Amino acid sequence: MRLTGAQALIKFLEEENVKYIFGYPGGSVLALYDALLESSKITHVLVRQEQAAVHAASGYARVTGKPGVCIATSGPGATNLVTGLATAYMDSIPVVAITGQVSTDMVGTDAFQEVDITGITMPITKHNYLVKNVDDLPVIIKEAFHIASTGRPGPVLIDLPKNVAGKVFDYRPVAKVELQGYKPTYKGHPAQIKNLAGLLAQAERPLICSGGGVISSNAWEDLKELAEKVNAPVTTTLMGLGSFPEDHPLSLGMLGLHGTPYANYAVQNCDLLIGIGMRFDDRVTSAVNKFAPQAKVVHIDIDPAEIGKNVAADLPIVGDVKFVLNELLKRINPRRNDAWLEQIRAWKKSHPLAYGDNQSSLRPQYILQKLGELTKGKAIVTTDVGQHQMWTAQYYNFTKPRSFITSGGLGTMGYGLPAAVGAQLASPDSLVVAVTGDGSFQMNMGELGTATEQKLPLKILLLNNSHLCLVKQLQYFNSGKRYSGVCFTGNPDFVKLATSYPGAVGLRIEKPEDVEPVLIEALSNGKLTLIDCCISDEELVYPVVPNNGALDEMIYYPGGEK
Amino acid sequence: MKHTLTVLVENKPGVLTRIAGLFARRGYNIESLAVGRTENPAISRMTIVVEGDDRVIEQVGKQLYKLIEVIKLTDITNDEHVDREMILIKVNADPAIRGEIMQIVEIFRARIVDIGRNSLIIEATGDEGKINAIESALRPFGIKEVVRTGKIAMARGAKSKNGRNQEAL
Numbered sequence: 001m002r003l004t005g006a007q008a009l010i011k012f013l014e015e016e017n018v019k020y021i022f023g024y025p026g027g028s029v030l031a032l033y034d035a036l037l038e039s040s041k042i043t044h045v046l047v048r049q050e051q052a053a054v055h056a057a058s059g060y061a062r063v064t065g066k067p068g069v070c071i072a073t074s075g076p077g078a079t080n081l082v083t084g085l086a087t088a089y090m091d092s093i094p095v096v097a098i099t100g101q102v103s104t105d106m107v108g109t110d111a112f113q114e115v116d117i118t119g120i121t122m123p124i125t126k127h128n129y130l131v132k133n134v135d136d137l138p139v140i141i142k143e144a145f146h147i148a149s150t151g152r153p154g155p156v157l158i159d160l161p162k163n164v165a166g167k168v169f170d171y172r173p174v175a176k177v178e179l180q181g182y183k184p185t186y187k188g189h190p191a192q193i194k195n196l197a198g199l200l201a202q203a204e205r206p207l208i209c210s211g212g213g214v215i216s217s218n219a220w221e222d223l224k225e226l227a228e229k230v231n232a233p234v235t236t237t238l239m240g241l242g243s244f245p246e247d248h249p250l251s252l253g254m255l256g257l258h259g260t261p262y263a264n265y266a267v268q269n270c271d272l273l274i275g276i277g278m279r280f281d282d283r284v285t286s287a288v289n290k291f292a293p294q295a296k297v298v299h300i301d302i303d304p305a306e307i308g309k310n311v312a313a314d315l316p317i318v319g320d321v322k323f324v325l326n327e328l329l330k331r332i333n334p335r336r337n338d339a340w341l342e343q344i345r346a347w348k349k350s351h352p353l354a355y356g357d358n359q360s361s362l363r364p365q366y367i368l369q370k371l372g373e374l375t376k377g378k379a380i381v382t383t384d385v386g387q388h389q390m391w392t393a394q395y396y397n398f399t400k401p402r403s404f405i406t407s408g409g410l411g412t413m414g415y416g417l418p419a420a421v422g423a424q425l426a427s428p429d430s431l432v433v434a435v436t437g438d439g440s441f442q443m444n445m446g447e448l449g450t451a452t453e454q455k456l457p458l459k460i461l462l463l464n465n466s467h468l469c470l471v472k473q474l475q476y477f478n479s480g481k482r483y484s485g486v487c488f489t490g491n492p493d494f495v496k497l498a499t500s501y502p503g504a505v506g507l508r509i510e511k512p513e514d515v516e517p518v519l520i521e522a523l524s525n526g527k528l529t530l531i532d533c534c535i536s537d538e539e540l541v542y543p544v545v546p547n548n549g550a551l552d553e554m555i556y557y558p559g560g561e562k
Numbered sequence: 563m564k565h566t567l568t569v570l571v572e573n574k575p576g577v578l579t580r581i582a583g584l585f586a587r588r589g590y591n592i593e594s595l596a597v598g599r600t601e602n603p604a605i606s607r608m609t610i611v612v613e614g615d616d617r618v619i620e621q622v623g624k625q626l627y628k629l630i631e632v633i634k635l636t637d638i639t640n641d642e643h644v645d646r647e648m649i650l651i652k653v654n655a656d657p658a659i660r661g662e663i664m665q666i667v668e669i670f671r672a673r674i675v676d677i678g679r680n681s682l683i684i685e686a687t688g689d690e691g692k693i694n695a696i697e698s699a700l701r702p703f704g705i706k707e708v709v710r711t712g713k714i715a716m717a718r719g720a721k722s723k724n725g726r727n728q729e730a731l
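Top to bottom, those sequences are chains A and B. Going by my numbering, the residue at position 407 of the first sequence is 407; the numbering climbs one at a time, nothing skipped. Going by my numbering, the residue at position 112 of the second sequence is 674; the numbering climbs one at a time, nothing skipped.
Hints were generated in silico from the structure; no laboratory data involved. Just so we're clear, the structure is a prediction, and the values are computed from it rather than from any experiment. Beta carbons: idealized from backbone N, C-alpha and C, even for Gly. The reader is advised that the hints may include incorrect statements.
To be verified - Each computed DSS-like pair below joins lysine-lysine, with the alpha-carbon atoms no more than 25 Å apart: (1) Lys309(A) with Lys634(B); (2) Lys132(A) with Lys11(A); (3) Lys309(A) with Lys628(B); (4) Lys66(A) with Lys628(B); (5) Lys187(A) with Lys624(B); (6) Lys527(A) with Lys455(A); (7) Lys309(A) with Lys41(A); (8) Lys349(A) with Lys624(B); (9) Lys624(B) with Lys481(A); (10) Lys624(B) with Lys19(A); (11) Lys142(A) with Lys564(B); (12) Lys309(A) with Lys574(B); (13) Lys564(B) with Lys183(A); (14) Lys564(B) with Lys176(A); (15) Lys132(A) with Lys574(B); (16) Lys187(A) with Lys132(A); (17) Lys574(B) with Lys167(A); (18) Lys142(A) with Lys183(A); (19) Lys142(A) with Lys574(B); (20) Lys187(A) with Lys634(B); (21) Lys634(B) with Lys183(A); (22) Lys187(A) with Lys628(B); (23) Lys624(B) with Lys41(A); (24) Lys628(B) with Lys176(A); (25) Lys183(A) with Lys624(B); (26) Lys624(B) with Lys132(A); (27) Lys296(A) with Lys624(B).
Unchecked claim - If you want the footprint, here are the derived chain B segments under chain A, 3+ residues with CB under 8 Å: (28) 576-582; (29) 628-639; (30) 686-699.
Bound-form chain A, shown alone (with noise of 0.2 Å):
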């Protein structure tokens, strides 16, 4: 078939089902622009920035389990994309991203719009690609989209030229995948999965700590089914959120800097600790040399440079989660441990999560806890970075898996509400709510427009306190409460802001009354909508292990024992 470089690649986007591609055109993406008017398959949405493209594209991906596609131009469009693609790099998410280049002859010659954007993106894509010559286009995009989404999954580049996108050559897709270099480890070690096996029998204080990898390799089923079979608690990272049902009575919670306390004191006091599909982050271990004092660690993960990087584990296993819980479920005995379980409802009642009172002030913590009544946990909650994604991952209360979309690694602020249009167009019939604070919603507010074309009923939750209020409780608790650059005299006023968008609804939440009757206005109106909330900027994110610090000596909410 003769086809230009750029109707070549959108056919191929067809044959991949890609549904929409996130985007922002350019001169030398004129052509790729100009071939996807003829596909009736793809559309394409127009975003304010490049950034919000990839995490836009990231979010369709998180809900999906399918790779995001987002296209810039070159130059400062590929440029605009290095902050979402090392978000989506770190938390492990596949997106192909698609970036225009000056043509062959100019590369080099530092033309206008032109930058090495396969040079600047090497640290922060699992793989990039420059396409010199139009003949490799369909081995490389068939790649491209094989190792996004395989092994580890990961953003992966295209960059291609302008006269590459533009030259026919004779288009026949590529059956299959050949890399020499490329051959992910999918099914565990049968000696070691048959040793955690061993492991599991003898322990009396299991935990399991499941991670971002059981989502992505959809292996909450099992992972449930491991839990209930051995009767071990289950503790949750960030990433993991919504891998285990929280209202489920093994369910811990979230563990690390902001987690729980009970989780965190599972930890300190397991037998056996069980990371599955995580990577020990430094939020989730803290200090590295008190975490998990009295465990053998067992960590299975797909990457096997993960294992043995932040925390030497005792018995590595490298495979897809999948295939190694289906693998370990053939081989255990039921267990009871009703012992460590009585000790873990001990913590439960002894130490909860504590905020204080709700009903004389306007408590953010409140909000979230409504909000997830309200959905009954099942919404696709998105969140942007800071006070608000910790209390989100504390109060809403996930149940259900790809629910809960937020940036891990990275900690991106202005990911929320790009991620949220992605997610509700790979979900359309989902509630999908942003929570986000004044901070990180004006990174990317523009995107407003974009989810007011694409007619989506977004909710935007926005914790308003004028402040930065975790780089301030950084300071609080770090810098003598000195509060440097992190107050804001200059913000406009969030409901006005919103009505001023056609169709979009702004409401405004002040004292606790007004929550409940409010969030569910918000949630049955069928509109984009957005819910400023008022509260106060004294507020902190309790429980905190100070730095350095065991998860066990987390400084708990003041008088919240009981």
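Chain A is already provided as a structure; the job is to place chain B on it using the hints.
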């Protein structure tokens, strides 16, 4: 401890940048790196000498394997192997002392490859120890310039490191 890694990579543009960038951003120390194509023109071999304890070397290996274009990696430090470096030394050599220099060249089984009015270029190959020795033997005459290649290495015996039977790092 110094480790010698032999790494087979796809012979594609940008591979060297990927590897050098990986070492730089993860803070690994490259002692030397030599690269050239193998018997198969689509594949290059790199010999990388890297300094680090076992934990670091383990991470180096695993991180290298994550690069799509890295096909195979072997740590041959503890295997029987042959390693060689090459050096070119431009040394001051007035006609009066040339005889003395030529004796040293003879002892090290090196070669004189160029001769100027007051200088000689000497080429030597050997393991790191020998190369260091010849350099210091010539230093008293006044070394003008030195070029070293970095180490290349190959495991001894019949087995090929490109084969599938070899144990990976």
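Now for the hints, and whether the structure bears them out:
1. Restraint check: the Cα-Cα separation between Lys309(A) and Lys634(B) comes to about 21 Å, which is no more than 25 Å; the hinted pair holds.
2. In summary, the hint linking Lys132(A) to Lys11(A) is supported, as the alpha carbons are separated by about 19 Å, within the 25 Å threshold.
3. The straight-line distance between the Cα atoms of Lys309(A) and Lys628(B) is roughly 14 Å, inside the 25 Å bound, and the hint therefore holds.
4. Between Lys66(A) and Lys628(B), the direct Cα distance comes to roughly 21 Å. Compliance with the 25 Å bound is thereby established for this hinted pair.
5. With a CA separation close to 18 Å, the supplied pair Lys187(A) and Lys624(B) stays within the 25 Å bound.
6. This hinted pair checks out: Lys527(A) and Lys455(A) have alpha carbons roughly 8 Å apart, not beyond 25 Å.
7. For the given pair, Lys309(A) sits about 43 Å from Lys41(A) by alpha-carbon distance, which is inconsistent with the 25 Å threshold.
8. Straight-line distance between C-alpha atoms of Lys349(A) and Lys624(B) comes to about 44 Å, which puts the hinted pair past the 25 Å bound.
9. At most 25 Å may separate the alpha-carbon atoms for a hinted pair to count; Lys624(B) and Lys481(A) exceed this at roughly 43 Å.
10. Note on Lys624(B) and Lys19(A): the hinted pairing is violated, with a Cα-Cα distance of about 36 Å set against a maximum of 25 Å.
11. This hinted pair does not check out: Lys142(A) and Lys564(B) have alpha carbons roughly 40 Å apart, beyond 25 Å.
12. For the proposed pair Lys309(A) and Lys574(B), the alpha carbon gap of about 29 Å is over 25 Å, so the pair is violated.
13. For the given pair, Lys564(B) sits about 29 Å from Lys183(A) by alpha-carbon distance, which is inconsistent with the 25 Å threshold.
14. For the proposed pair Lys564(B) and Lys176(A), the alpha carbon gap of about 40 Å is over 25 Å, so the pair is violated.
15. For the proposed pair Lys132(A) and Lys574(B), the alpha carbon gap of about 12 Å is at most 25 Å, so the pair holds.
16. This hinted pair does not check out: Lys187(A) and Lys132(A) have alpha carbons roughly 37 Å apart, beyond 25 Å.
17. The suggested pairing of Lys574(B) with Lys167(A) holds, with an alpha-carbon distance near 23 Å, which does not exceed 25 Å.
18. Distance check on the hinted pair: Lys142(A) and Lys183(A) sit about 15 Å apart at the alpha-carbon level, within 25 Å; holds.
19. At most 25 Å may separate the alpha-carbon atoms for a hinted pair to count; Lys142(A) and Lys574(B) meet this at roughly 18 Å.
20. For the given pair, Lys187(A) sits about 20 Å from Lys634(B) by alpha-carbon distance, which is consistent with the 25 Å threshold.
21. A distance of roughly 11 Å separates the Cα atoms of Lys634(B) and Lys183(A); the hinted pair therefore holds under the 25 Å criterion.
22. The hinted pair formed by Lys187(A) and Lys628(B) meets the criterion: a straight-line CA distance of about 18 Å does not exceed 25 Å.
23. Straight-line distance between C-alpha atoms of Lys624(B) and Lys41(A) comes to about 40 Å, which puts the hinted pair past the 25 Å bound.
24. Straight-line distance between C-alpha atoms of Lys628(B) and Lys176(A) comes to about 21 Å, which keeps the hinted pair within the 25 Å bound.
25. At roughly 13 Å between alpha-carbon atoms, Lys183(A) and Lys624(B) fall within 25 Å of each other, so this suggested pair holds.
26. At roughly 30 Å between alpha-carbon atoms, Lys624(B) and Lys132(A) are farther apart than 25 Å, so this suggested pair is violated.
27. Restraint check for Lys296(A) and Lys624(B): the C-alpha separation of about 23 Å stays at or below 25 Å, so the hint holds.
28. Check result for the region 576-582 of chain B against chain A: holds, 3 residues qualifying (beta carbon to beta carbon below 8 Å, three or more required).
29. For the region 628-639 of chain B, the proposed coverage by chain A is satisfied: 7 residues have a C-beta within less than 8 Å of a C-beta in that chain, meeting the threshold of three.
30. With a threshold of 8 Å between beta carbons, the proposed coverage of the region 686-699 of chain B by chain A is violated, since 0 of its residues qualify and at least three are required.
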